[in-house]
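Model the full structure from these sequences, guided by the hints.
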Amino acid sequence: GQSLEQPSEVTAVEGAIVQINCTYQTSGFYGLSWYQQHDGGAPTFLSYNALDGLEETGRFSSFLSRSDSYGYLLLQELQMKDSASYFCAVTDYGQNFVFGPGTRLSVLP
Amino acid sequence: DTEVTQTPKHLVMGMTNKKSLKCEQHMGHRAMYWYKQKAKKPPELMFVYSYEKLSINESVPSRFSPECPNSSLLNLHLHALQPEDSALYLCASSQGGSGNTIYFGEGSWLTVV
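Each protein sequence line maps, in turn, to chains A and B.
So the first sequence is numbered by the working numbering: it starts at 1 and just counts up by one.
So the second sequence is numbered by the working numbering: it starts at 1001 and just counts up by one.
Listed next, with one range per pair, are the computed distances between beta-carbon atoms:
1) A:ASP52 <-> B:GLN1095: 20 to 26 Å
2) A:GLU14 <-> B:HIS1077: 45 to 51 Å
3) B:GLU1052 <-> A:GLY53: 31 to 37 Å
4) A:GLU14 <-> B:ASN1017: 44 to 50 Å
5) A:LEU108 <-> B:LYS1018: 45 to 51 Å
6) B:MET1015 <-> A:LEU51: 45 to 51 Å
7) B:TYR1051 <-> A:PHE45: 19 to 25 Å
8) A:LEU51 <-> B:PRO1008: 39 to 45 Å
9) B:ALA1039 <-> A:ASP52: 31 to 37 Å
In silico negatives: residues of chain B with every beta carbon more than 12 Å from chain A:
10) HIS1026
11) GLY1028
12) CYS1068
13) SER1072
14) PRO1083
Since the hints were derived computationally from the structure, they do not count as laboratory data.
For glycine and all other residues, C-beta sits at the position ideal for the given N, C-alpha and C.
Encoded structure:
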């Protein structure tokens, strides 16, 4: 089976940098994805790591260490609109995408 | 704009009703998914279709019946639901195979009364 852990809540101020961690235990692993979900909306894809290292997409970066079963999402130059829930998700061998419990980010003025 | 389209956006149904949720994707993806999401919880996988064949059924009650008429369409037939089935139902698609990510539609908000 699979299990993922994320912090339940993170709070930061506008313009700051925040890191959301994700640790996982899976029976098979192809990659780690990150999704953003605003209240009342659907999850939207942010970033994907299949190999160790950092992937950068604008203000968002994602990191993966396969040997540590660990990844993180880094959000820079925080804006109020970044207030949302963030989910990490593991892709396993069977095209199964399993989501972590989610981290609620609150950005304060 | 999402390339995974779900209808209806909102649905209210009685426990004796039969209704369907519909999903269409225009990205040429070969795998399609149904997820269920309750408030403040992560999406929970229900079904996966790969190349139009059901490949994963996460022990979903038979009152939920998926159908994949072709590689672009996915339906979820609903019958004799319970109030606890009220949730956001998300359709998603991916390229299929290993190491791909998935893209969600905007979801269908279902309320069972």
